[in-house]
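Counting from 1 along the sequence shown, just add 66 to a position and that's the residue number in the numbering used here.
Source of the hints: derived by calculation from the structure; they are not laboratory data.
Fair warning: this is a prediction, and the values are worked out from it, not measured in the lab.
Any given hint might turn out to be false.
Here are the simulated SDA-like cross-link-like pairs (lysine to any residue), alpha carbons at most 20 Å apart as the crow flies [unchecked claim]:
id : residue 1 : residue 2
1  : Lys279    : Asn393
2  : Lys98     : Gln184
3  : Lys139    : Asn181
4  : Lys71     : Lys108
5  : Lys71     : Asn352
6  : Lys98     : Met67
7  : Lys97     : Asp70
8  : Lys293    : His334
9  : Lys71     : Thr89
10 : Lys210    : Met121
11 : Lys279    : Phe383
12 : Lys71     : Val180
13 : Lys246    : Ala387
14 : Lys247    : Val390
15 : Lys97     : Glu282
16 : Lys97     : Lys293
17 : Lys71     : Arg88
18 : Lys71     : Gln285
19 : Lys279    : Pro295
20 : Lys84     : Asp119
21 : Lys97     : Ile135
22 : Lys210    : Asn352
23 : Lys379    : Pro311
24 : Lys84     : Tyr123
25 : Lys246    : Pro311
26 : Lys298    : Gly252
27 : Lys279    : Phe68
28 : Lys298    : His394
29 : Lys298    : Ile218
30 : Lys108    : Thr95
31 : Lys97     : Arg129
32 : Lys298    : Phe383
33 : Lys165    : His176
34 : Lys247    : Asp301
35 : Lys210    : Pro197
36 : Lys108    : Arg133
37 : Lys165    : Lys139
38 : Lys84     : Phe124
39 : Lys71     : Asn181
40 : Lys379    : Pro197
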Amino acid sequence: MFNDKSILITGGTGSFGKQYVRTILERYTPKKLIIYSRDELKQFEMEQQFNQDCMRYFIGDVRDRDRLIMAMKGVDYVIHAAALKQVPAAEYNPMECIKTNIYGAENVIHAALVNNVQKVIALSTDKAANPINLYGATKLASDKLFVAANNIAGGQPTRFSAVRYGNVVGSRGSVVPFFKKLIEQGCDHLPITDERMTRFWITLQQGVDFVLKDFERMQGGEIFVPKIPSVKIVDLARAMAPELPHNIIGIRPGEKLHEVMCPADDSHLTLEFADHYVIRPTIQFNAPIDFTSNALGETGRPVDSEFEYNSGKNPHFLSIAEIVELNHLSGIV
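Working from the sequences, and respecting the hints, build out all of it.
Below, the structure is given as structure tokens:
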């Protein structure tokens, strides 16, 4: 569905954007692949790697509505990956986080509607489910904006959905590169926030593939959540440095013991499919949509009352050997 189409990625110089571009160029022949971001150095560096004729690099901030409108002219599909994501930075600079993650989301929606973009997928986060920090709260607000945008579209063809998943193995800011750096520096222990801590685990390629599939699945208004394994943080540390002891440092402000991607409070809205969940909108759209089936012919069923998709209660945990293998396949170690 991406052949001869124009695709724009906000925040496209990040980990997801680079892998998405690599995948699109390997599998499809897009008309244009537009990287929209604010860092000229990162764009210059990315252009050295991806300089095909279809590539376009636009300097711009999602806070700038006019620039977004200009960048989206003739665009068919948009992936909104731009965000301020560091939890401590968001706590210390709350309005900056709000301007990018909430006002920026509104600008992306407006620009997409002005240009009659076909489909928009916004990347969300587990932290948007029952948020306890500002970053999570802004992403929850962003999710609500993108869901409600399907009503704002009215009779226009533009449709909006969101994708929510947890830690991406090896992405910037994740614990794996942090552990790796400490190990390379010859540390004598690894810091663990809490021995009970668990996280959902997904590779960058799995995340990209899931988003690509969701462009085909989406009808507008869904929050897509992949079924993925969990890891225990102590197992991750043992997988990366089996000989090093652990130093328990305590949970940081705004951090959870376990990740939640489908909250129990949304169980009445959640549908289970073979390899993913869909959280339906809390609001009624102008035209009713049957979310129990999608464009790929997949069918889902309602989950049990008070069901919660929680990394600590996940039936699938990776073993230490599996973590080692996954890190190796991801090119981390």
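A quick look at each hint next to the structure:
Between the alpha carbons of Lys279 and Asn393 the distance comes to roughly 24 Å, so the proposed pair goes past 20 Å and is violated. Among the hinted pairs, Lys98 with Gln184 is consistent with the structure: their alpha-carbon atoms are about 15 Å apart, no more than 20 Å. For the given pair, Lys139 sits about 6 Å from Asn181 by alpha-carbon distance, which is consistent with the 20 Å threshold. About 25 Å separates the Cα atoms of Lys71 and Lys108, which puts this hinted pair outside 20 Å; it is violated.
Annotation: proposed proximity of Lys71 to Asn352 is violated, straight-line Cα distance about 28 Å (limit 20 Å). Under the criterion of a C-alpha separation no larger than 20 Å, the hint pairing Lys98 with Met67 is consistent with the structure, at around 14 Å. Under the criterion of a C-alpha separation no larger than 20 Å, the hint pairing Lys97 with Asp70 is consistent with the structure, at around 4 Å. The straight-line distance between the Cα atoms of Lys293 and His334 is roughly 18 Å, inside the 20 Å bound, and the hint therefore holds.
Simply put, Lys71 and Thr89 have alpha-carbon atoms about 15 Å apart, close enough for the 20 Å limit, and the pair holds. With a CA separation close to 31 Å, the supplied pair Lys210 and Met121 exceeds the 20 Å bound. Under the criterion of a C-alpha separation no larger than 20 Å, the hint pairing Lys279 with Phe383 is inconsistent with the structure, at around 24 Å. Of the pairs offered as hints, the one joining Lys71 and Val180 holds, with about 18 Å between alpha carbons and a cut-off of 20 Å not exceeded.
Distance restraint check for Lys246 and Ala387: the Cα-Cα separation of roughly 17 Å lies within the 20 Å cut-off, and the hinted pair is therefore satisfied. Distance hint between Lys247 and Val390 is fulfilled; the C-alpha atoms sit about 16 Å from each other, no more than 20 Å. At roughly 18 Å between alpha-carbon atoms, Lys97 and Glu282 fall within 20 Å of each other, so this suggested pair holds. A distance of roughly 32 Å separates the Cα atoms of Lys97 and Lys293; the hinted pair therefore is violated under the 20 Å criterion.
For the proposed pair Lys71 and Arg88, the alpha carbon gap of about 16 Å is at most 20 Å, so the pair holds. For the suggested pair Lys71 and Gln285, the alpha carbons sit about 19 Å apart, so the restraint of at most 20 Å is met. For the given pair, Lys279 sits about 19 Å from Pro295 by alpha-carbon distance, which is consistent with the 20 Å threshold. At roughly 16 Å between alpha-carbon atoms, Lys84 and Asp119 fall within 20 Å of each other, so this suggested pair holds.
Restraint check: the Cα-Cα separation between Lys97 and Ile135 comes to about 19 Å, which is no more than 20 Å; the hinted pair holds. For the proposed pair Lys210 and Asn352, the alpha carbon gap of about 16 Å is at most 20 Å, so the pair holds. Only pairs whose Cα atoms come within 20 Å are accepted, and Lys379 paired with Pro311 is rejected, the gap being roughly 26 Å. With a CA separation close to 13 Å, the supplied pair Lys84 and Tyr123 stays within the 20 Å bound.
Pair hint Lys246 plus Pro311 holds up; C-alpha atoms about 15 Å apart against a cutoff of 20 Å. Between Lys298 and Gly252, the direct Cα distance comes to roughly 23 Å. Violation of the 20 Å bound is thereby established for this hinted pair. Pair hint Lys279 plus Phe68 holds up; C-alpha atoms about 11 Å apart against a cutoff of 20 Å. At roughly 18 Å between alpha-carbon atoms, Lys298 and His394 fall within 20 Å of each other, so this suggested pair holds.
Using a Cα cut-off of 20 Å, the hinted pair Lys298 and Ile218 is violated, with the two alpha carbons roughly 42 Å apart. Distance hint between Lys108 and Thr95 is unfulfilled; the C-alpha atoms sit about 24 Å from each other, more than 20 Å. The hinted pair formed by Lys97 and Arg129 fails the criterion: a straight-line CA distance of about 26 Å is larger than 20 Å. Restraint check for Lys298 and Phe383: the C-alpha separation of about 8 Å stays at or below 20 Å, so the hint holds.
About 15 Å separates the Cα atoms of Lys165 and His176, which keeps this hinted pair within 20 Å; it holds. At most 20 Å may separate the alpha-carbon atoms for a hinted pair to count; Lys247 and Asp301 meet this at roughly 18 Å. For the proposed pair Lys210 and Pro197, the alpha carbon gap of about 13 Å is at most 20 Å, so the pair holds. At roughly 19 Å between alpha-carbon atoms, Lys108 and Arg133 fall within 20 Å of each other, so this suggested pair holds.
Taking the CA atoms of Lys165 and Lys139, the gap is near 23 Å; set against the 20 Å cutoff, the hint is violated. Straight-line distance between C-alpha atoms of Lys84 and Phe124 comes to about 15 Å, which keeps the hinted pair within the 20 Å bound. Restraint check for Lys71 and Asn181: satisfied, since their Cα atoms lie roughly 14 Å apart, inside the 20 Å limit. Of the supplied pair hints, the one linking Lys379 and Pro197 holds, its CA atoms being roughly 19 Å apart against a limit of 20 Å.
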